[in-house]
Amino acid sequence: MNEEDLNQALHDVIVRSSPPPSMDPSRALDQARRARRRRRAAWAGVAVVPLVVGVGAGPALVANHTGNRSAGQMVAGGTGTTQAVSSPQPGSTVTPTTALTTRKTGDPWPEGQPDRTATAGPRAARAVTLLHDLTSSLPPGFSTPNLKRPDGRPMKSPQAQYASNDGEQDYWEYRAFIPVQKDDRVGILLVQSTTPDGKPAVNPCKLAQRFRPETGRCTIMDVGGKKVGVMTTNGGDSYDQWAAYRYGDGTVVYLAQAKKSDHPGRSPLTQPVFTARQLAELVTSAKFKIST
Amino acid sequence: MSDRDVAFEAYFTARSDAMRGTAYLLCGDWHRAEDLVQQTFTKLYRVWRRIQRHDALDGYTRQTLVRTFLSERRRGWFKYESVGSALTDRAAPSSGLADERLVLLEALAKVPPRQRAVLVLRYWEDASVEQTAAMLECSAGTVKSQAARGLATLRGLLEEERVR
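Chains A and B, in that order, are what the protein sequence lines are.
The working numbering numbers the first residue of the first sequence as 9 and each following residue consecutively.
The working numbering numbers the first residue of the second sequence as 8 and each following residue consecutively.
Careful: at least some of the hints might be erroneous.
Restraint-style ranges between C-beta atoms, simulated for each label pair [as the list claims (entries may be wrong)]: (1) Gln-16/A <-> His-38/B: 19 to 29 Å; (2) Ala-128/A <-> Arg-11/B: 21 to 31 Å; (3) Gly-148/B <-> Pro-208/A: 33 to 43 Å; (4) Arg-156/B <-> Thr-283/A: 48 to 58 Å; (5) Thr-283/A <-> Ala-21/B: 39 to 49 Å.
Partner residues are not named here, just some residues of chain B that face chain A (Cβ under 8 Å, in silico) [unchecked claim]: (6) Ala-21; (7) Gly-28; (8) Tyr-31; (9) Glu-41; (10) Gln-45; (11) Phe-48.
To list a few chain A residues with every Cβ distance to chain B over 12 Å, as calculated [what the hints assert, rightly or not]: (12) Pro-153; (13) Lys-207; (14) Leu-215; (15) Arg-254; (16) Asp-257; (17) Ala-284; (18) Thr-300.
It should be emphasised that the hints constitute simulated quantities derived from the structure, not laboratory data.
By construction, the Cβ of each residue, glycine as well, lies at the ideal position given by its N, Cα and C atoms.
The shape of chain A in the complex, shown without the other chains (with noise of 0.2 Å):
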């Protein structure tokens, strides 16, 4: 593992760990508060004992003590019993550093995000289109229950994500997850449309290959002309198969599927979704295709 690999791999992480919806700003004001009353009232009875042998060498401490430090280092108060009890404030002792918000070529995220992934704006809508494409390609028997995660969230999933690393071109990954139930049967299938990335085409298994470490055969399947590489695993605990498309653009498409769906209590599906003709044929479907 070199260093750009495990740059992908921490960011692998954060998106597939399923992070908890967004932490309530309201509450962590509250909790700051309180932190900072009890903080404060803690400092106040500290600061009786030396208002009271302190207050002929006050003044003088007072002096040493701002020194070189700002007026907002020292504890709130201003007056002579409060150097007493000025050790400095966890976190106020730090001088900021340069802005972090950067990767290392000192770009920040694009588009004023606060990381890689689009939340809300075009990306993001673009990733819900390409969920309900997905959706509406499921073949008759199959449906996509709203089952939740243990967490409460929703098995459906859209995602819309800036992919690139340092030194490569700016481009995107779209990806939209839902689980498949057939009977009370549950699989899942994922789209992930890659924007170009200006790197050159590859042999379609190879291009198969990258979407995940999985040992397995891959067959080269001709959609009309265009060159599909089928990748079927060895039953391991990625995805049972998946299909790898290039654009002549450079725009990648996979489209895999299992029979496995990890939501707790639904046996998995008895057979794969679609066969891996289909599976060629839907990868190569325009409607997958996310060039921007």
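Using the hints, position chain B against chain A.
Showing chain B alone in chain A's frame:
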């Protein structure tokens, strides 16, 4: 609500998710990551009037987060429950693939905290050697050696997992 509180809340809304991601990589558990973020922002709130207009507020926040993490480690915050063991109860990832994520997280959890902090700052936050050194209050040379050791440790752990 005072202007101070409005500004603080707005900043929390804008940055808490990103900080929580970093915290998650440091501690390997979303609940603890949220605790770390809350502690960090509580510290910021105390000195908010002084820092809120600072150009490098994000850097300051990140620095506070990392130092809080290391401080908690030293105090035995994670003593009784390993980072790796907590992951077994996690929800399935959005892709339905748990193993790769678990392997990396578990390996990362076994890397000593300070090396882990260096790895996360350098390769997740894309902080420079100098920025990382400033945040961790150490020399640039120490950052380089910790990064090299951390990567080597991680490679070894991942290799062990691969052959298991």
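Would you list, in rising numerical order, the hints stated earlier that this structure does not obey? none
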